[in-house]
Amino acid sequence: MVDIKFKFVHAADLHLDSPFYGFSAESEKIQKILRDATFVAFDNLINLCIEEDVDFLVIAGDIYDEANNNIRGQYKFYEGMKRLEQNGVKVFVSHGNHDHLGGYRATIKWPENVHFFSCEKPQEIPFYKNGTVVASIHGVSYPKRDVRENLVCDFKVTSQDTYNIAVVHTNVGGRSDYENYAPCKKEELLKKGFDYWALGHVHKHEIINPAKPVIAYPGNTQARNIKETGSKGVLLVEVEDGNTSYEFKETQYVTWIELKQSITELQSGEELIEAILKKFTKIRPQKGGVIARLYLEGRGELHYELTKKGFDKVLLELLREQEEVERDGFVWVESLILQTGLRIDKAKYLQEASIVGDFLQVAGKTLQSEEFFEKIKKSALQIYEDVNKVGRYISPPSDEELKSWLQEAEEVGLQYLLEDELDAT
Amino acid sequence: MQLKNIFIDGFGIFSNKKLDFIAGLNIVFGNNEAGKTTLLSFLRSMFFGKKGAEKYPPLSGGNHGGIIIMEDSRGEEIKIERDFSARRYIFQKANGTVVTESEFSKMIGNPTETLFNNVFCFGLDELADFKTLCDEEVSGRIYSAGLGSTKSLVSINGEIEKIMESIYKKGGRKDDREVKRIANTLQELEFKIKSLKEIPHKYNELKAELAELEEQLQNDEEKQVELKKEIAFYESLLKGWEHWLKIREYEEKLNSLEKIENFPPNGLSILESLKSQLKEVELEIEVKESSFRQIARDLESLAIDNFILENRTDIENLKDNLALFNENRQHMEQLKREFETTCSKLKDILHNLGSTWDEKKLQRADVSLQTTAEIENYRKRFEDIGWQKRTLQSTIYDLKKEKNELHEEIQKKTAEKDKLIKSLVFKGNPEEIKDTIYRMENLFESKKLVQLKNENLEQNLKILRKQFSEYESDVNNFKFFGKGVKISTALLFATIFSIPIYLLSNNVFYGILAFFSGVLFGTATVLIIEKIITNQFRKDKKEKLVRLAEIKDIIYTNEIELEKSNKELAAIDEKLGKLAGLFFQKKEFSDEEIYEVKRKLEKDISTETRISIIDDSLSHLEKRLTTKKREIKELEEKIELLKKESYSLMQKWQDYLSARGLPDELLPENMGNVIEAVKKGKDLLEDKNSLEKEIASRENSIKKYACKVSELTGREYKIPEDAEQITTEVRNLQDKLLETTELVSKKEQLLAKKQSAWQSLEKEKEKLKKINKEIRDLFILAGAENEESFLQRFEIYKKRQLFSDNLATHTANLKAISQGFEFKLYKKILSESNLTILKDKLEKLHGELRGLAKRLAENRELKGSIITRLESMCNDEKLAECLFKQNIYQEKLKNAAKKWVVHAMAKEMINLAKEKYERERQPAVLKNASRYIKLITDGKYQKIFSPYGEHVLRLENNRGKTCELSQLSRGTAEQLYMSMRYALVEEFAKRAESLPVIMDDTFVNFDEIRIKRTAQAVHELLKTNQVLFFTCHRHIVKIFKDVFQQERIHVINL
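So the sequences go chain by chain: A and B.
Here the first sequence is numbered in our numbering, starting from 1 and rising by one per residue.
Here the second sequence is numbered in our numbering, starting from 10001 and rising by one per residue.
You may find that some hints are simply not true.
List of simulated lysine-lysine pairs, DSS-like, C-alpha gap at most 27 Å [stated by the list, open to error]:
| id | chain 1 | residue 1 | chain 2 | residue 2 |
| --- | --- | --- | --- | --- |
| 1 | B | 10170 | A | 378 |
| 2 | A | 378 | B | 10541 |
| 3 | A | 403 | B | 10598 |
| 4 | A | 7 | A | 227 |
| 5 | B | 10961 | A | 204 |
| 6 | B | 10828 | B | 10253 |
| 7 | B | 10194 | A | 144 |
| 8 | B | 10916 | A | 348 |
| 9 | B | 10898 | A | 313 |
| 10 | A | 260 | A | 90 |
| 11 | B | 10863 | A | 375 |
| 12 | A | 227 | B | 10253 |
| 13 | B | 10279 | B | 11038 |
| 14 | B | 10174 | A | 308 |
| 15 | B | 10170 | A | 227 |
| 16 | A | 144 | B | 10202 |
| 17 | B | 10567 | A | 313 |
| 18 | B | 10169 | A | 375 |
| 19 | B | 10223 | B | 10841 |
| 20 | B | 10207 | A | 82 |
| 21 | B | 10878 | A | 348 |
| 22 | B | 10169 | B | 10898 |
| 23 | B | 10916 | A | 346 |
| 24 | A | 90 | A | 227 |
| 25 | B | 10194 | A | 32 |
| 26 | B | 10828 | A | 378 |
| 27 | A | 29 | B | 10194 |
| 28 | A | 309 | B | 10106 |
| 29 | B | 10898 | A | 260 |
| 30 | B | 10885 | A | 204 |
| 31 | A | 375 | B | 10162 |
| 32 | A | 82 | B | 10927 |
| 33 | A | 82 | B | 10878 |
| 34 | B | 10531 | B | 10552 |
| 35 | B | 10916 | A | 378 |
| 36 | A | 375 | A | 365 |
Hint data in this document are derived by calculation from the structure and do not stem from the laboratory.
These figures come from a predicted structure and were not determined experimentally.
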C-alpha cells in the first residue's frame, strides 16, 4: 500500500433547507434561525475542510430533500463546492433516498472537483496525491427514493494496493427507527475488504466498527427535531501507512435538548423560574443556540397554577422573552410539556367511598384493563376519524402514547372533581 | 335558614300584608282564591327575582314587591327587600351589612331556581311531574352529593365539553374551533407549497434558455470582433492613402537625379570656415611685422645721465634729511630765546634766597621728601601743643563760671532757711507735736459722737414726756364720761323721742299707749347703748394705764443714759485741756482756744518740713562746689606741663635749622616757602644746562648737511644766508634722479616686447601652411578638382538627400498607420485600390457592425434579467418557509388533538366513575328517600333505587319486588316523589343552610292514613328544615294538628 498520508472528511445527511419537525412555536425570529441552521452547519463543514486542509470530502447521501424541489438547498451546496474547488478539495457524493437521482434536480454546472456517483453500479474513482493513487473511492447513488435492495453486494475491491473507501446510503442491520432503505448487514461489510465504509442515512452518530474496516455513520450535520438530541457533526479522517484515525467534529448550529424540572419542592412561580434558569446556565452553549423542550413534572402546589391559572403560558413567554436568539448562546424553549400533578394523597382518595375515589379507580383500571382501555380509546380517538380536518394531516397516537395521555387525563379529571376544594385552599 | 316574617307591599291581591312564621310547621290555610298560590309566587319571586312576579301585579295598591326576613342557623337575620317595578333589591344583614345576590346564594348553598322550585317549593303539579325529578340538574345533584361540593357532575361534564368543543366538534362548522383553524391554515399552506414547487421546474427552463442565449451571445461577440478588425483595416487604408501618393512621387524624383552616394558631411561649411581662417591668419602676420619694427625704433631713441645714476645714494639721503635740516635751522632761534629766559629766572631765585646762595649751593641743597616730612612733623607737633593749651584754658574758664554760680545759690538758700527758723511758734519737737495733733483729733471725734447721742436722748425724752402727759390726761377723761350717763338722761331722751310718735297717732288711747311704750323703749335703748359704750371705755382705759407705766420706764432709762454720756463728755474736755496745756501755759481752755492751739501746732509742723527740704538742697550744693574746685586745680597743672613741652620742642627745631644752615627765626610753618624756592631754582639750573647741549648739537648737523650739498653741486654755501638756496639745489638733484631712473626701466620693457613679437610672428606663419593643406584634402574627398566643381556636386547631393528623407517619412507614417497588418499586403491593396472603393467598403462594414451591436445589447439585457430571476429563485426562502410552517401547524394540530383526546378521556372516565358510583354506592339521597317511603307506606315499600345507566326510579316492596313507576297508583307515585324530595332536602341541608320547604296542597291524593304518615315524615323533616304548608282542606289541618299535638305548629288563616 502506498504510504502517503492523506486526510478526508466523511459527512452525510446534510438535509439542506429541510424543515424542522415537531416544532410548534410561531415566533418568526426563531423560525428563521432554524431554517438557516442547516446552512450554518454546512458552512461549518466547508470551513472545517478548508481549515484542516483535507484532500477530499465524501458525502453519503441526503444532501437535500428532493421532495421539496429545493433549489435554494442545491444552490447553496453548489456555492460550498465552489469554495472547496478554490481550496483544492475534491468531493465525492453518493445520493440517498432524499436526494435520489430520479428526483428533481436544478440545472447547475458543477465545478470540476465534484464527483457524483452514478446509480447503475458502484463506481470506483482513484484519488491522486503527488501523482500517485493513494485512495480509491467507491460509491453508488439511489436511482429512486424507495430502494429496498441491498446495494452493498456490488461493491468490490479491485486493488489491495490502495486505500479503499466505500460511500453509500444504507440502513445497516435494518434499524426500525429509520426507513429500511438499501439494507445490509454488518458482517457483510466486514468481509468486503474495504478500509473505510462511509455510510449515511442514520442521523445519530455511530461507529459500527472501529477499525479494519472502519464502519461509521457520522450522523446528520444539524439536528432537526427533539428526537435528535446531542452533538451533530462529521468525521475527520486521517490515513497514514494504511492506518486510519478519525475524530468527530461538531457542525451543528442549534442543539436540541430535553430539560426536566420537578415542581414538587417548589412553592412559587418565582422559585420555578429560578430553578429553570439555573438549568439554562448549565446548558447554554458558547456558539449557536439550544432549542429546549421543557418538561415540568412531579406533584406540587404549582400544578394548579400552571394548568388552571394559565401560568404555563406566562412562564413560556417569560423564558422566551429573556433570550436574544440573534446572538450566540441562546436557550430557546420550544415547548413546555406539563407532566405535573396535583399534590394530593391519591391513596387516601382511592379508599374513599366518593366519586373521586371511584374516578381514581376507573383511571387505574383503564390503564390496566384492555377492555376499559379499548372503550376509552374508541371515543377518544374519534377526532382522528375526521379525515379532512385531522386525519389527512396527522395520524392517531400509538397505544403507548395514548396511555401516557391517559395519565394526563386522570390529572385533568381530578382537577375538575376537586376544583372547589382546591379553590378553597 | 328559616322564614321569620314577610311583608307584602303589593303583590296580586295582597297589599300591605304582614305574616309571621315559626321555626316549625306553618300551615297556611285558606279557601280557594284566598291567595295561597300568590303567596307561593311571592316567596319564589323574593328569592329569585322578577320572573314569577310579572304575573302578579299589585291589584290592591302598594308598590310591587315587599320584604322577607329570614334567620340562619346561627340566629343571624337577613332581610330581602325587592321592588319589582323599580327592579331594585337589597340583601342586608341585621347589622346593616349589605350582601350581594351571589353571596346570598352561596349562603344558602347555591340552589338554582329550578332546583328550588322542584325540591324546596312545589305544588301538586311539580310533585306529580316525573320530569322535574329526572331533570339533569336534579339528578346530577343527587350523584354529586358525594362530591362534597356544590358543583355537579353535570356541570363538570359541561365544562370539559366546552373545552373540547373549543378545540373540535364533529361536523362542527364554526371556524373559531382550534382544529378547524389549524386545518384551514394547513390547507392554505398545502396550496401555497404546491404552487411554490412549480418554481424549480421554471428554473431549469430558464437555465436552458440562458444557455442558448449565451451561445448566441458568444457567436455575436466573435463576429463583432472580426468586423471591428476589418473596419480598422479599411480605416487605416484610408488614413494612409495620402502618404501612399507621396511615396510614389518621391521615388520618381530620386530616379531622375545623378547618383552621388558620398559627399563629405558638412563639406560646404567646412570649406567656408577654412577660407575665412586663411584670411584671418594673413591679416595677423601683417600687423605683427609692423609692430616689431616700431619697437626697434623706440629702443634706438633712448638717452641716459650716468653721473646722476652713480651718486644715486647721496642724493636720496639729502632728500631724506632736507626736512630735518630745515627744522634744525628754525629750532635754533627758539632754543636761544629759551636759554636766555631760563638764565634770568635763575638769577632771580638766587637773589631771593639770599646772598649766600649761588648755583653751586643750589645744586647741593637737599629738598628730598624725608626733609619735608621732618619739617611737617615739627609743624604738627607745635600745632598740637598749642591746640591742647587752648582747650584746657577754655575748660578752666567754664568751670570757674559754674563755681561762682553755685556759691551764689548756697547764699540764697541759707538766707531762706534763717527766715523760716524765725517764723516758728513753739519751737518744739516735731514728732511730739504731731502726736499731740493726732490725739486731739481723736478726742474731737469722740466728743462729736457723744454730743450727737446726747441730742438724740434729749429729743426722745422730750417726746416721751409729752406722750406721758397726753396719756395721763386721757386716763383722767375716762372718769368723766362714765359717770355722766344716767337713767334720767335716758328717760328724757326717750320721752323727746316718743312725743312725735304720740302726735302722729290718730287715736288718743293709742297715742298714749304708743307714747309710753316709746318712752319705755327709748329709755331701755339708751341704757343699753350706754352700758355697751361704758364697757368699751373701761376696756380702753385699762390698756392705756399699762401703756403709761411702760412710757415711764423708758423715760427713766433714757435719763440715766443721758447722765452717763454727759460725764463722758466732761472727761474728753479734760483730756483736751491737758494736751493744750503742754504747749500753752493756761489752766482752762475753751473749745475755740483748743482749736487755735491745734492750728498753730499744725503750722509749725509744715514750717519744719520746709526747713528740712532746704537743708537737704544746701548740703547737695556744697558737695558740687568742692568738686568744681578740685577739677580747676587739676586742669591748671596740666597747662603747666604743656608749656614745658613746647619749650623743649622749640630747642630741637632751632638745632635742626642750624644744622642745615638755615636762619634761626624760621618757623616750621614758614619752611614750606623756602623749600619750594630751592626746588624751583634747581629745576631752572637743570633746564639751562640741557638747552646749552641741544644748541651745540643742532649747529653741528646743519654744517654737515651744507658740506654734502657743496660736494654734489660744486658750489660753496654760507649758513644761514644760503639756507634757502641749499633747499632748492637739493630738490633739483632729486628731480634729475627720478627722470634717469624712469628711462632705464623703459628700455628694459622695450627689449622684452621685441622678443615676444618675433615669436608670435613665427607661429602665424605655421598656421597658414596648415589651412592650405586642409582645403586641398577636402576637395579630394568630394571628388572635385576645384572649388567650382566642389560646389556643383554639393547641390546635387543635397536634393537627393531631401527626397529620400521625405520618402522615408511617408513610408514610416504609412507603416505606423498599417500597424497590425502585413505591410506588403497592405501596400499591394493600396496599389490596387482607389479612394472611392475604399470608402464604400468601410461604410458597408460600419452598417453591419451597428446591427450586430444592437442585437448584442438586447441579448445581454435579456441574459441579465434571466440571471436576476435565477438568482432570486436560488435565494427564495418562501418554499422553505411554507414547509416549515406546515410542520409547525401539523405539530399544533397534534397538540390540539392531544388536548381534545385528553379531555375526552377525562370526561369518559368521570362518566364511568359516575356509573360505578350509581351502581355500587346508592347515593345517600336514595337511602333517605327509601326511609321516607317506608315511613309513609308503613313499610309496604322498602327501597327506592335508580338502576345503573337509566335515569329512572324504581320501588321495591316489602316482598322484594321491584315496581316501575307506571305500576304505582297516583298517590303512591306522588309519595315516592315526595320521599325523594324530602331526601334531597335532607342531603342538601348537610352541606348548606337549610331552606324552608314550601308545599302547596300536595297531599290531596293521599288517603287519610297516608296523610297522617306523611305528616309524621314532615315532622321528621322539621329536624332540619322549616316547613310551610299551604292547604284549603280543613281535614288536613286537623290531621297535622293531631299528629303534632299542638307542638311546633302554627296555622295562618289567609
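A quick look at each hint next to the structure:
The straight-line distance between the Cα atoms of residue 10170 of chain B and residue 378 of chain A is roughly 14 Å, inside the 27 Å bound, and the hint therefore holds. Distance hint between residue 378 of chain A and residue 10541 of chain B is unfulfilled; the C-alpha atoms sit about 147 Å from each other, more than 27 Å. Annotation: proposed proximity of residue 403 of chain A to residue 10598 of chain B is violated, straight-line Cα distance about 155 Å (limit 27 Å). Between the alpha carbons of residue 7 of chain A and residue 227 of chain A the distance comes to roughly 32 Å, so the proposed pair goes past 27 Å and is violated.
Distance restraint check for residue 10961 of chain B and residue 204 of chain A: the Cα-Cα separation of roughly 72 Å exceeds the 27 Å cut-off, and the hinted pair is therefore not satisfied. Note on residue 10828 of chain B and residue 10253 of chain B: the hinted pairing holds, with a Cα-Cα distance of about 22 Å set against a maximum of 27 Å. Distance check on the hinted pair: residue 10194 of chain B and residue 144 of chain A sit about 21 Å apart at the alpha-carbon level, within 27 Å; holds. Annotation: proposed proximity of residue 10916 of chain B to residue 348 of chain A holds, straight-line Cα distance about 18 Å (limit 27 Å).
The suggested pairing of residue 10898 of chain B with residue 313 of chain A holds, with an alpha-carbon distance near 17 Å, which does not exceed 27 Å. A C-alpha spacing of about 45 Å is found between residue 260 of chain A and residue 90 of chain A, which places the hinted pair above 27 Å, so the restraint is violated. Of the pairs offered as hints, the one joining residue 10863 of chain B and residue 375 of chain A is violated, with about 67 Å between alpha carbons and a cut-off of 27 Å exceeded. With a C-alpha separation of about 103 Å, the suggested pair residue 227 of chain A and residue 10253 of chain B falls outside the 27 Å cut-off, and the hint is violated.
Distance hint between residue 10279 of chain B and residue 11038 of chain B is unfulfilled; the C-alpha atoms sit about 195 Å from each other, more than 27 Å. Under the criterion of a C-alpha separation no larger than 27 Å, the hint pairing residue 10174 of chain B with residue 308 of chain A is consistent with the structure, at around 25 Å. Distance hint between residue 10170 of chain B and residue 227 of chain A is unfulfilled; the C-alpha atoms sit about 32 Å from each other, more than 27 Å. Straight-line distance between C-alpha atoms of residue 144 of chain A and residue 10202 of chain B comes to about 22 Å, which keeps the hinted pair within the 27 Å bound.
Taking the CA atoms of residue 10567 of chain B and residue 313 of chain A, the gap is about 135 Å. The hint is violated against a cut of 27 Å. Pair hint residue 10169 of chain B plus residue 375 of chain A holds up; C-alpha atoms about 20 Å apart against a cutoff of 27 Å. With a C-alpha separation of about 17 Å, the suggested pairing of residue 10223 of chain B with residue 10841 of chain B holds against the 27 Å cut-off. Taken as a hint, the residue 10207 of chain B and residue 82 of chain A pair is honoured in the structure, with Cα atoms around 19 Å apart against an allowance of 27 Å.
Between residue 10878 of chain B and residue 348 of chain A the alpha-carbon distance is near 57 Å, which puts this suggested pair outside the 27 Å criterion. Of the supplied pair hints, the one linking residue 10169 of chain B and residue 10898 of chain B holds, its CA atoms being roughly 14 Å apart against a limit of 27 Å. Of the pairs offered as hints, the one joining residue 10916 of chain B and residue 346 of chain A holds, with about 18 Å between alpha carbons and a cut-off of 27 Å not exceeded. For a cut-off of 27 Å, the pair hint linking residue 90 of chain A to residue 227 of chain A is broken: about 33 Å separates their Cα positions.
Taking the CA atoms of residue 10194 of chain B and residue 32 of chain A, the gap is near 21 Å; set against the 27 Å cutoff, the hint holds. About 105 Å separates the Cα atoms of residue 10828 of chain B and residue 378 of chain A, which puts this hinted pair outside 27 Å; it is violated. With a CA separation close to 25 Å, the supplied pair residue 29 of chain A and residue 10194 of chain B stays within the 27 Å bound. Between residue 309 of chain A and residue 10106 of chain B the CA atoms are separated by roughly 23 Å; this keeps the pair inside 27 Å, and the hint holds.
Simply put, residue 10898 of chain B and residue 260 of chain A have alpha-carbon atoms about 21 Å apart, close enough for the 27 Å limit, and the pair holds. A distance of roughly 25 Å separates the Cα atoms of residue 10885 of chain B and residue 204 of chain A; the hinted pair therefore holds under the 27 Å criterion. Of the pairs offered as hints, the one joining residue 375 of chain A and residue 10162 of chain B holds, with about 22 Å between alpha carbons and a cut-off of 27 Å not exceeded. Between residue 82 of chain A and residue 10927 of chain B the alpha-carbon distance is near 88 Å, which puts this suggested pair outside the 27 Å criterion.
Annotation: proposed proximity of residue 82 of chain A to residue 10878 of chain B holds, straight-line Cα distance about 25 Å (limit 27 Å). With a C-alpha separation of about 32 Å, the suggested pairing of residue 10531 of chain B with residue 10552 of chain B is violated against the 27 Å cut-off. Simply put, residue 10916 of chain B and residue 378 of chain A have alpha-carbon atoms about 20 Å apart, close enough for the 27 Å limit, and the pair holds. Note on residue 375 of chain A and residue 365 of chain A: the hinted pairing holds, with a Cα-Cα distance of about 12 Å set against a maximum of 27 Å.
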